[in-house]
Amino acid sequence: MIKTSFTLILFSLAISTLSVPTLAAETTPKTDFPESFTTSATAKVGIKSAWYDNATTRYAHGVLGDAIEAGSLHAKTTDGRTLSVTLDTAHVFEDIKTRLADLDGDGRNEIITIRSHNQKGGQIAVYGVTASSPNTLSLVASTPYIGQTYRWLAPVGIADFNKDGAMDIAYIDRPHLAKILRVWSYKNGGLSQVAQAQGLTNHSIGHDYITGGVQRCGADASMITVDSNWTRLIKTTYGGGKLTSQDIGSYTGAASASAALNCQ
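Under mature numbering (1 follows the signal peptide of the UniProt record, and there is no 0), the residues of the sequence shown are numbered -24 to -1, 1 to 240, in order.
It is possible that some hints are incorrect.
[Said to hold, decoys possible] Computed beta-carbon distance windows for the label pairs:
#1 Thr58 to Ala235: 19 to 27 Å
#2 Pro5 to Arg34: 41 to 49 Å
#3 Gly225 to Asp196: 13 to 21 Å
#4 Ser232 to Ala107: 44 to 52 Å
[To be verified] With a straight-line cut-off of 35 Å between C-alpha atoms, the simulated DSBU-like cross-links for lysine-lysine are:
#5 Lys163 to Lys218
#6 Lys163 to Lys139
#7 Lys218 to Lys6
Don't read these hints as lab results, they were simulated from the structure.
Quick reminder that beta carbons are idealized off the backbone N, C-alpha and C, glycines included.
Could you build the full structure based on these sequences and the hints that come with them?
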């Protein structure tokens, strides 16, 4: 999905602080999707940056404003290597921006993506570098496919929302239809769903950006979305095995969501 510069500004707020916007000193690689580039200023070993490439029209969903999606994923490591994976023709990366986070606590970033199948719809797909395949990107974890073509999900962000030491991935399942917030936790080498709540969303059909993200006020990480009618900002926390949502004010556009992310 070829996006505007507005996407980079808004969506960078939506991902974990373990990923940071592109630094001035880092050169964006030549790619069909320059806005997908993400780099980490704190990476000491392993994956430092990631981006999508290989534009394709083989999956004509168009939920992000056009029907152009990515067919490959690339990463650059701290020692200067470029690692890649190219999807088979049944899949695309139906995404806006790559996300970097150390999910397993080994000090190395994984890449969190949205991967869609032409018959099964979207899923969260996590890529990383494994000991058995150190010179390529490998799929290391994923959520199930939604189960139907042209069904998508929109990430909220990545954090240890309940402070149990395990990283969590939050997303809205079918933000235009089901509007379900799901939280999956990464433990023992895989992802498992730990909580869900209905009536929340973060994306409108045709938008090339995702609204809201992870709010970090002090040591706490919360999920910022909107209600199903796009009138109220909703803050959701995860603790004690459940999600708790709070109305924090009117949603009046992207600026109001950005203010919420900045704890205003």
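Notebook entry, point to check: Are there hints from earlier that the structure breaks, and if so, what are their numbers?
Noted result: Numbers 1, 2 and 7, in rising order.
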